[in-house]
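Peer 1: Chains as they are written, first to last, in the numbering used here: chain R, 192 to 715; chain P, 192 to 715.
Among these hints, one or two may not hold up.
Any copy, or any two copies together, can satisfy a pair, since identical chains are not distinguished.
[To be verified] Simulated crosslink set (EDC-like; lysine to aspartate or glutamate; CA at most 20 Å straight-line): (1) 251 to 623; (2) 251 to 630; (3) 605 to 449; (4) 251 to 633; (5) 256 to 630; (6) 597 to 504; (7) 256 to 310; (8) 251 to 309; (9) 605 to 630; (10) 597 to 505.
Because the hints were derived from the structure by calculation, they are not lab data.
There are 2 protein chains.
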Amino acid sequence: MTLQGHSIIGNSAVVGTGKAGRAMNPATGETLSPDYHEVSEAQANEAVAMAAAAFPIYRKCSIAKRAAFLRSIADQIEARGDDLAARGPLETGLPEGRIRMETGRTYGQLRLFASVVEDGSWVDARIDHADPDRQPIPKPDVRSMLQGLGPVAVFCASNFPLAFSVAGGDTASALAAGCPVVVKAHHSHPGVAEIVGQAVQAAAQLCGLPDGIFSLLYGGGRTTGAALVQHPSIKAVGFTGSLAGGRALMDLAAARPEPIPVYAEMGSLNPVFILPEAMAERGQAIAESLSGSVTLGVGQFCTSPGLVVAADDDQTAQFTTALAGKQQEAAPGVMLNSGIHDAYESSVTQLQEHQAVTALAAPVQQEGCLADPALFEVAARDFIGDSALSSEDFGPSTTIVKHGSKAELLELAKNLEGHLTATIHGTEADLEANRNLIDVLETKVGRLIVNGYPTGVEVCQAMVHGGPYPATADGRSTSVGTQAIYRFARPLAYQGFPQSQLPPELQDANPLGVAQMIDGNRHV
Amino acid sequence: MTLQGHSIIGNSAVVGTGKAGRAMNPATGETLSPDYHEVSEAQANEAVAMAAAAFPIYRKCSIAKRAAFLRSIADQIEARGDDLAARGPLETGLPEGRIRMETGRTYGQLRLFASVVEDGSWVDARIDHADPDRQPIPKPDVRSMLQGLGPVAVFCASNFPLAFSVAGGDTASALAAGCPVVVKAHHSHPGVAEIVGQAVQAAAQLCGLPDGIFSLLYGGGRTTGAALVQHPSIKAVGFTGSLAGGRALMDLAAARPEPIPVYAEMGSLNPVFILPEAMAERGQAIAESLSGSVTLGVGQFCTSPGLVVAADDDQTAQFTTALAGKQQEAAPGVMLNSGIHDAYESSVTQLQEHQAVTALAAPVQQEGCLADPALFEVAARDFIGDSALSSEDFGPSTTIVKHGSKAELLELAKNLEGHLTATIHGTEADLEANRNLIDVLETKVGRLIVNGYPTGVEVCQAMVHGGPYPATADGRSTSVGTQAIYRFARPLAYQGFPQSQLPPELQDANPLGVAQMIDGNRHV
Numbered sequence: 192m193t194l195q196g197h198s199i200i201g202n203s204a205v206v207g208t209g210k211a212g213r214a215m216n217p218a219t220g221e222t223l224s225p226d227y228h229e230v231s232e233a234q235a236n237e238a239v240a241m242a243a244a245a246f247p248i249y250r251k252c253s254i255a256k257r258a259a260f261l262r263s264i265a266d267q268i269e270a271r272g273d274d275l276a277a278r279g280p281l282e283t284g285l286p287e288g289r290i291r292m293e294t295g296r297t298y299g300q301l302r303l304f305a306s307v308v309e310d311g312s313w314v315d316a317r318i319d320h321a322d323p324d325r326q327p328i329p330k331p332d333v334r335s336m337l338q339g340l341g342p343v344a345v346f347c348a349s350n351f352p353l354a355f356s357v358a359g360g361d362t363a364s365a366l367a368a369g370c371p372v373v374v375k376a377h378h379s380h381p382g383v384a385e386i387v388g389q390a391v392q393a394a395a396q397l398c399g400l401p402d403g404i405f406s407l408l409y410g411g412g413r414t415t416g417a418a419l420v421q422h423p424s425i426k427a428v429g430f431t432g433s434l435a436g437g438r439a440l441m442d443l444a445a446a447r448p449e450p451i452p453v454y455a456e457m458g459s460l461n462p463v464f465i466l467p468e469a470m471a472e473r474g475q476a477i478a479e480s481l482s483g484s485v486t487l488g489v490g491q492f493c494t495s496p497g498l499v500v501a502a503d504d505d506q507t508a509q510f511t512t513a514l515a516g517k518q519q520e521a522a523p524g525v526m527l528n529s530g531i532h533d534a535y536e537s538s539v540t541q542l543q544e545h546q547a548v549t550a551l552a553a554p555v556q557q558e559g560c561l562a563d564p565a566l567f568e569v570a571a572r573d574f575i576g577d578s579a580l581s582s583e584d585f586g587p588s589t590t591i592v593k594h595g596s597k598a599e600l601l602e603l604a605k606n607l608e609g610h611l612t613a614t615i616h617g618t619e620a621d622l623e624a625n626r627n628l629i630d631v632l633e634t635k636v637g638r639l640i641v642n643g644y645p646t647g648v649e650v651c652q653a654m655v656h657g658g659p660y661p662a663t664a665d666g667r668s669t670s671v672g673t674q675a676i677y678r679f680a681r682p683l684a685y686q687g688f689p690q691s692q693l694p695p696e697l698q699d700a701n702p703l704g705v706a707q708m709i710d711g712n713r714h715v
Numbered sequence: 192m193t194l195q196g197h198s199i200i201g202n203s204a205v206v207g208t209g210k211a212g213r214a215m216n217p218a219t220g221e222t223l224s225p226d227y228h229e230v231s232e233a234q235a236n237e238a239v240a241m242a243a244a245a246f247p248i249y250r251k252c253s254i255a256k257r258a259a260f261l262r263s264i265a266d267q268i269e270a271r272g273d274d275l276a277a278r279g280p281l282e283t284g285l286p287e288g289r290i291r292m293e294t295g296r297t298y299g300q301l302r303l304f305a306s307v308v309e310d311g312s313w314v315d316a317r318i319d320h321a322d323p324d325r326q327p328i329p330k331p332d333v334r335s336m337l338q339g340l341g342p343v344a345v346f347c348a349s350n351f352p353l354a355f356s357v358a359g360g361d362t363a364s365a366l367a368a369g370c371p372v373v374v375k376a377h378h379s380h381p382g383v384a385e386i387v388g389q390a391v392q393a394a395a396q397l398c399g400l401p402d403g404i405f406s407l408l409y410g411g412g413r414t415t416g417a418a419l420v421q422h423p424s425i426k427a428v429g430f431t432g433s434l435a436g437g438r439a440l441m442d443l444a445a446a447r448p449e450p451i452p453v454y455a456e457m458g459s460l461n462p463v464f465i466l467p468e469a470m471a472e473r474g475q476a477i478a479e480s481l482s483g484s485v486t487l488g489v490g491q492f493c494t495s496p497g498l499v500v501a502a503d504d505d506q507t508a509q510f511t512t513a514l515a516g517k518q519q520e521a522a523p524g525v526m527l528n529s530g531i532h533d534a535y536e537s538s539v540t541q542l543q544e545h546q547a548v549t550a551l552a553a554p555v556q557q558e559g560c561l562a563d564p565a566l567f568e569v570a571a572r573d574f575i576g577d578s579a580l581s582s583e584d585f586g587p588s589t590t591i592v593k594h595g596s597k598a599e600l601l602e603l604a605k606n607l608e609g610h611l612t613a614t615i616h617g618t619e620a621d622l623e624a625n626r627n628l629i630d631v632l633e634t635k636v637g638r639l640i641v642n643g644y645p646t647g648v649e650v651c652q653a654m655v656h657g658g659p660y661p662a663t664a665d666g667r668s669t670s671v672g673t674q675a676i677y678r679f680a681r682p683l684a685y686q687g688f689p690q691s692q693l694p695p696e697l698q699d700a701n702p703l704g705v706a707q708m709i710d711g712n713r714h715v
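Next up, chain R with everything else stripped away, as it sits in the complex:
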């Protein structure tokens, strides 16, 4: 593999006309060749114009062809597994095993979306037959199904260089929905982005798809990123990153002459509630697993548990001691880049200096991009309403919040803003006795976990990796799992159409065998 440092605009490799940048190895501080030049606004516009031209062709592709494209991308990525395993650790500090596992998740996800496309039922085909004899007016024949929105701009995340990047969940679900994609690479892993971009480009050419169905651009968030979001031909945006970055894109999108949806996954604290019986029965075991979840991937998961809530009693004191020990034992890890590392150092310093906070495992400031795991403690009465304590602390740190009563526990839960997940450790009796806590948490998150850990987001039919703002831009959506496809689709109704002009999914003969709702009855 030789990296070229080129952006990909449709079938072409293009050298950006803007300034050059290089990846940095966060473990050594060395820069990595080649240079990646930022594209100009004109180059970004060209990619979008080509995506807009590709859309009418791509949306009319057979579902077999669309599924074959997704499978071909998966195959092309799988074939580049060794290249990714070689380059990935250099750019991200993540171990090779993690890169290989994430590569598998990425091509597995593409194959899952291929099966969703082939199954065809996601379009929610509905047929209401006519009744010409209905009084006082005849009933028309009306049919509807979901269709792709149009070209989608995807912003890569730093923390998942494969699964939430060039051909990650946003791209896979947008392509599955019938939308061309223009990707803005993350500056932190340009080489991995290029390898995956070449895989997608190769698949598009192998499958004979229109030039422009996919582009990959190197550029800045405030330049290339803003140009993409503001381009009139872009119809939706996928993003994974910080609250500040996501909100900036939301504001740009809302201010357009034609506002468009932004699906920004912006992270969260992912509170973990440990109930009394569970604490008594297995507090030590929870401390061990929880520390593993907090430090997994150097805490650089959107679902990393940043908050632990428990009663202020002797059992929790023992748990706290055990958790502090585990956090102190855990070795410092290399973070993804210096920006993330500096933000972590700054947020743990703020916590250490906060009057109400006690450092139970104080982090030691490290050289380079190394981050030391940490544990803090605060009383629930101090935590509630202090927004400085509620902001995400991206890294291998967590804060235990101790409450004095069930009423205080509920008050804390009610005061939470939106999070991706909440976790409850409890026995059956604990859960029964705290049903009102579950009821509150149901309104605060996208996923509730019992007796598990929030890290590890299964790619499946039922997964919801979303949650109310500020966890995401749009709590009505998920960025992981098959339901992610709904983000990039809209319903379209056909009234009085002859069979020959209907999409196959809406024909009475149902040649593709998709699930249909016929006159209100579901058929699978």
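Using the hints, position chain P against chain R.
Peer 2: Relative to chain R, chain P alone:
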């Protein structure tokens, strides 16, 4: 029936502390008692606070109870049919028959949503079972279903005093999804609003629902309306009205600390394309039916056909003559209020003064709120790109656009912005020869109609009353039909939950018998 002039805040009747206003009979110019006082911001906030308090109770109601509530509202409205038929025409200028038909549509719609709630399948229940033996890591048990967003603010439309008003589609679908509703009445039909508000309040009390599940407020758009949209406890907005009004709400909602979705249906031109063979075979018949569609309800439908596109040839000339005759014959009608009337007079005057436009049926300026039907003509080359000709002309007027070639026809279609509907009149051969026109229109509208008329929006499973901006705020949604419920819901996942703590829809035993997707397979 005695109207009280009271706002409804939960179980209470409340006199607004703001300025008083009265309905006006648009046919006579007389004002109608009683006074309706605008609520203060504090009163609006009280209604929202009560809705927020009601939400945790209402969302945990059994689906049987929720369905019973919707049916009870329907019954209460049906029981007030004579009161509505007496007051409605006075406030709106609409004939009694229309008010009675719209009342039937409104309670029918509530009963349809009751059946959707009872069926339970709309929640898209998904169950992915665990696989503890999976390598390299065990697969967790993950389940998901849709749940209500929270309190919804609904803004009533002027043009459908029942079906898009206090207990119209927005309210019915929000209540069905499990969301409390705070309605802002339209100043144009306060009495009808009060009668329907009392019906909903009576139903809520009969069904033992929490105080605050429903409120009805009289107030201004920039005061009460803005207060509702900006209140942190409001989680979504339903609106039907003008582009300016809808966009203002969208901008307010997007600028909130926590942005929320706005579903604003803002109307459109609803272009009608007449293809050559259809024009030759039945141009006269189309002219007659089209004039009926344009003048139906004095043209005050969001789906009123404001644009007719046809080839510039002899057959179209005959059609045009026939259509002009029908428009001239059609009697002036009473519009809903003076604001709408003045806007119509202003827009037809602008068209008459436009250099490229010919008035084929010039409207005669009328007294009071009367509006005279009109027909204008313009060449496609002048229409394309002249945004002054593309804005909605709300009233009994339409414009015929004549094109010189199929290329010009396609160019016109490609340049359309988002509309609620597009209609094509064509023989099978016409449609086959103009498949590329259909392909373009699929990307421009929410509903495509063949050989019919866009007015008359069937309330059914497949209806899409939506369309890309500026037809609506959010082209991913519909405000009519059962799919409207999806606007007010979000998915929530449960991981590792014991059966006893799962909602019934997600239990293995499936006690409610809802459709479930189990390990990727759909079961109905």
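Peer 1: Confirm or reject each hint.
Peer 2: Outcome of the hint check:
For a Cα distance limit of 20 Å, the shortest separation of residue 251 from residue 623 across copies, 16 Å, qualifies, whereas the shortest one inside one copy, 52 Å, does not. Within a single copy, residue 251 and residue 630 get their C-alpha atoms only as close as 44 Å, which misses the 20 Å cut-off; across copies the closest is 8 Å, which meets it. In the homo-oligomer, the alpha carbons of residue 605 and residue 449 lie at most 20 Å apart only across protomers (16 Å), although the nearest pairing inside one protomer, at 36 Å, exceeds that limit. When the C-alpha separation of residue 251 and residue 633 is checked against a cutoff of 20 Å, the pair qualifies only between copies, where the shortest distance is 11 Å, while the shortest distance within a copy is 40 Å.
Taking CA atoms no more than 20 Å apart as the test, residue 256 paired with residue 630 passes between copies only; the shortest distance there is 19 Å, against 44 Å inside one copy. With identical chains, the CA atoms of residue 597 and residue 504 are at most 20 Å apart within one copy only, with a shortest distance of 13 Å there and 79 Å across copies. In this assembly of identical chains, the alpha carbons of residue 256 and residue 310 lie at most 20 Å apart only when taken from the same copy (13 Å versus 35 Å across copies). Taking identical chains as interchangeable, the C-alpha atoms of residue 251 and residue 309 lie at most 20 Å apart only when both belong to the same chain, with a minimum of 15 Å there against 37 Å between chains.
Within a single copy, residue 605 and residue 630 get their C-alpha atoms as close as 10 Å, which meets the 20 Å cut-off; across copies the closest is 49 Å, which misses it. For the identical chains of this complex, residue 597 and residue 505 are intra-copy neighbours only, at 16 Å inside a copy versus 82 Å across copies, given an alpha-carbon limit of 20 Å.
In the structure shown, no violation is registered for any of the earlier numbered hints.
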